[in-house]
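Participant: The residues making up each chain are set out below.
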Amino acid sequence: DTEVTQTPKHLVMGMTNKKSLKCEQHMGHRAMYWYKQKAKKPPELMFVYSYEKLSINESVPSRFSPECPNSSLLNLHLHALQPEDSALYLCASSHHPRLDGTGELFFGEGSRLTVL
Amino acid sequence: TQLLEQSPQFLSIQEGENLTVYCNSSSVFSSLQWYRQEPGEGPVLLVTVVTGGEVKKLKRLTFQFGDARKDSSLHITAAQPGDTGLYLCAGPMNSGYSTLTFGKGTMLLVSP
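Taken in sequence, the protein lines are chains A and B.
Taking the numbering used here, I'd label the letters of the first sequence as residues 1 to 116.
Taking the numbering used here, I'd label the letters of the second sequence as residues 1 to 112.
Keep in mind that the hints were calculated from the coordinates and are not lab data.
Hints should not be assumed to be uniformly reliable.
Claimed, not checked - Dumping the calculated SDA-like pairs for lysine to any residue here, alpha-carbon to alpha-carbon at most 20 angstroms:
#1 A:K40 / B:E5
#2 A:K40 / B:K56
#3 A:K41 / B:D83
#4 B:K56 / B:Q6
#5 A:K40 / B:Q9
As the list claims (entries may be wrong) - Take a look, some chain B residues computed to stay more than 10 angstroms from chain A by CB distance:
#6 Q14
#7 S27
#8 V55
#9 T62
Positions of the beta carbon are idealized from the N, C-alpha and C atoms, including for glycine.
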C-alpha cells in the first residue's frame, strides 16, 4: 500500500462552519505534512508532524488546527475560514522526519476547499 | 531562504516535439526532485537526483543534476498528450524535517 488517502475530495463551507480534512497513510511513515496550494501556484508548507508531534508550523493562522491522533492519521480542523483560504489542501508523508538524503514526499490527491 | 526558479512557466507544444524544463538556484542542494501534478491530483514523484552531474532516465524523460548541485533540467523526448501536467522541481529545506521548497512549476500542455 503506497497511498496517501485524503477525505473529503471536495468541501464547500461557510465562514462560520467547522469542518475537518482527514488524511491516512499505512506505509509506516513517521512524518506527515499539510500543504496548501492555490491555483497555478506550487504547494506551500503549512505543518509538519514528526512522530505524531507538531514539529513545524509555518506561521499558519489559528483558524487552521492540525491534529495527529496516531502515526497513520492526520487531521486539519477548520473554523471561521475566509474566502481567501479556498485552495487545494494536500497531505503528504515521508519515511523519516529528518532528511535521509532524498526527502521524498508521497502526496495524497488533495481536498479541494471552497469557502463561501 | 533557498529559492528554486523554474523556466519556462508555461509550454504548449505538439505531440512528438522535444522540450526541456529548467530549475535553477543560487543555493547548493543535497538533492533535487521532480514531481508531476495533473489537474485535481496531488504531485507524484518522478525522480530524485543526488549526485552532481548525475543523469537519470525514465522512459522518454531525462533528468540531469548540475555539477555544482545548484540546477537541474528535465528533457522530454517525443512528448505525448499524457505528459500534460504541472512539472515541479523541489529541494530539501534546511529545517531537517524532510520539508521541501518547490519551484513555481512549469505547466506543460501537449496537443495531439
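Participant: Confirm or reject each hint.
Facilitator: For each hint, the structure was consulted:
| no. | hint | result |
| --- | --- | --- |
| 1 | A:K40 / B:E5 | 15 angstroms, holds |
| 2 | A:K40 / B:K56 | 27 angstroms, violated |
| 3 | A:K41 / B:D83 | 19 angstroms, holds |
| 4 | B:K56 / B:Q6 | 19 angstroms, holds |
| 5 | A:K40 / B:Q9 | 10 angstroms, holds |
| 6 | Q14 | 23 angstroms, holds |
| 7 | S27 | 15 angstroms, holds |
| 8 | V55 | 17 angstroms, holds |
| 9 | T62 | 19 angstroms, holds |
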